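Participant: These protein sequences, in sequence, are chains A and B.
Residue numbers are given in this note's numbering: position 54 of the first sequence equals residue 561, and the series is strictly consecutive.
Residue numbers are given in this note's numbering: position 30 of the second sequence equals residue 49, and the series is strictly consecutive.
Hints in this document: simulated from the structure, not taken from any laboratory.
All of these numbers come straight from a predicted model, not from anything done at the bench.
Note that CB positions come from ideal geometry on N, CA and C, so glycine has one too.
Hints should not be assumed to be uniformly reliable.
[Stated by the list, open to error] Simulated crosslink set (BS3-like; lysine-lysine; CA at most 25 Å straight-line):
(1) B:Lys-89 - B:Lys-75
(2) B:Lys-122 - A:Lys-516
(3) B:Lys-45 - B:Lys-89
(4) B:Lys-122 - A:Lys-564
(5) A:Lys-564 - B:Lys-45
(6) B:Lys-125 - B:Lys-45
(7) B:Lys-122 - B:Lys-89
(8) B:Lys-125 - A:Lys-516
(9) B:Lys-125 - B:Lys-88
(10) B:Lys-122 - B:Lys-45
(11) B:Lys-88 - B:Lys-122
(12) B:Lys-45 - B:Lys-88
[As the list claims (entries may be wrong)] Per label pair, the in silico range of CB-to-CB distance:
(13) A:Asp-545 - B:Ala-101: 25 to 33 Å
(14) B:Glu-34 - A:Thr-527: 39 to 47 Å
(15) A:Gly-547 - B:Thr-46: 20 to 28 Å
(16) B:Ala-113 - A:Gly-560: 24 to 32 Å
(17) B:Gly-59 - A:Ser-558: 28 to 36 Å
(18) A:Arg-619 - B:Val-63: 17 to 25 Å
(19) A:Gly-547 - B:Arg-79: 27 to 35 Å
[What the hints assert, rightly or not] Computed far set for chain B versus chain A, every beta-carbon distance over 10 Å:
(20) Gln-33
(21) Glu-34
(22) Thr-46
(23) Asp-85
(24) Ala-104
Given next are the chains, with one letter for each unit.
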Amino acid sequence: NAGVTQTPKFQVLKTGQSMTLQCAQDMNHNSMYWYRQDPGMGLRLIYYSASEGTTDKGEVPNGYNVSRLNKREFSLRLESAAPSQTSVYFCASSNPWAGVNNSPLHFGNGTRLTVT
Amino acid sequence: SQQGEEDPQALSIQEGENATMNCSYKTSINNLQWYRQNSGRGLVHLILIRSNEREKHSGRLRVTLDTSKKSSSLLITASRAADTASYFCATVPAGSYQLTFGKGTKLSVIP
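Okay, chain A solo, but in the shape it has when bound (with noise of 0.2 Å):
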């Protein structure tokens, strides 16, 4: 039982390019959670889906783009990064057996990305 899985875990842009943090998780969990954690603001949400097929923005959705795929999968895409996008960005998950306001955040361990 892996949990939640990130790739990559690391990874180095130059400012302009592309590229798609992806999200895995085998826990048959409804909901799926991208944060980014810089030095000294803590964690923010960035997007999240509450179930399958839905999507929706958190508090700093700019810049980013997420896909659903599935049930399993939610992906988080930097279209043209910036520096200010270099971060710690941390998928999670959760099954809202309590509603969802109530259950615990399953974390992966983060991929760290750096743009120059």
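Fit chain B to the known structure of chain A by using the hints.
Facilitator: Then chain B, alone, in the frame of chain A:
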């Protein structure tokens, strides 16, 4: 915007001592959660306390919630070197679906 704020930002204690971290938040909440993050890893869920609960225990962890003061505390008893990590509180503001995190407390347990 940051909903929860942890205090202190950093804490250093000797192995065997207790560690207390505090979290304050701004608006009414449905629940408050605590997470641990080891260096270079993802966050791990520790405990969830609902807005109608005042105290909750899990092993060496004790969490309290005071909704009148909009604050919570996490107590780790008999700390171990393996407890060295950053600890985050996270809240779901009433009327929201988004779990928002504080900036964390960095705990160092010295063997």
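Participant: Does the claim that Gln-33 of chain B lies off the interface hold, with its Cβ farther than 10 Å from every Cβ of chain A?
Facilitator: Nearest chain A Cβ is 27 Å from Gln-33 of chain B, so the label holds.
Participant: Against the range 25 to 33 Å, how does the distance between the Cβ atoms of Asp-545 of chain A and Ala-101 of chain B compare: consistent or not?
Facilitator: holds, 26 Å
Participant: Look at the Cβ atoms of Ala-113 of chain B and Gly-560 of chain A and judge whether their distance stays inside 24 to 32 Å.
Facilitator: Holds: the Cβ-Cβ distance is about 27 Å, inside 24 to 32 Å.
Participant: With 39 to 47 Å as the target window, see if Glu-34 of chain B and Thr-527 of chain A comply at their CB atoms.
Facilitator: Hint holds: Cβ distance 44 Å, inside 39 to 47 Å.
Participant: Lys-122 of chain B and Lys-89 of chain B: Cα distance at most 25 Å?
Facilitator: Holds. Lys-122 of chain B to Lys-89 of chain B sits at ~17 Å (cutoff 25 Å).
Participant: Verify this label for me: Asp-85 of chain B is non-interface relative to chain A, using a Cβ-Cβ cutoff of 10 Å.
Facilitator: holds, 19 Å
Participant: Holds or violated: the 17 to 25 Å window for the beta-carbon distance between Arg-619 of chain A and Val-63 of chain B?
Facilitator: Between Arg-619 of chain A and Val-63 of chain B, where Cβ atoms are some 18 Å apart, the hint holds.
Participant: Does Glu-34 of chain B sit more than 10 Å from chain A, CB to CB?
Facilitator: holds, 26 Å
Participant: Under the criterion that the straight-line Cα-Cα distance not exceed 25 Å, is the pair Lys-89 of chain B, Lys-75 of chain B satisfied?
Facilitator: Status holds; Cα separation ~16 Å.
Participant: With respect to the beta-carbon atoms only, verify the hint that Gly-59 of chain B and Ser-558 of chain A lie 28 to 36 Å apart.
Facilitator: Given range 28 to 36 Å: holds, Cβ gap about 31 Å.
Participant: Taken at face value, is the distance from the CA of Lys-45 of chain B to the CA of Lys-564 of chain A at most 25 Å?
Facilitator: Holds, at about 22 Å.
Participant: Between Lys-45 of chain B and Lys-89 of chain B, does the CA-CA distance stay at or below 25 Å?
Facilitator: Holds. Lys-45 of chain B to Lys-89 of chain B sits at ~7 Å (cutoff 25 Å).
This entry satisfies every hint, going by the numbered hints stated previously.
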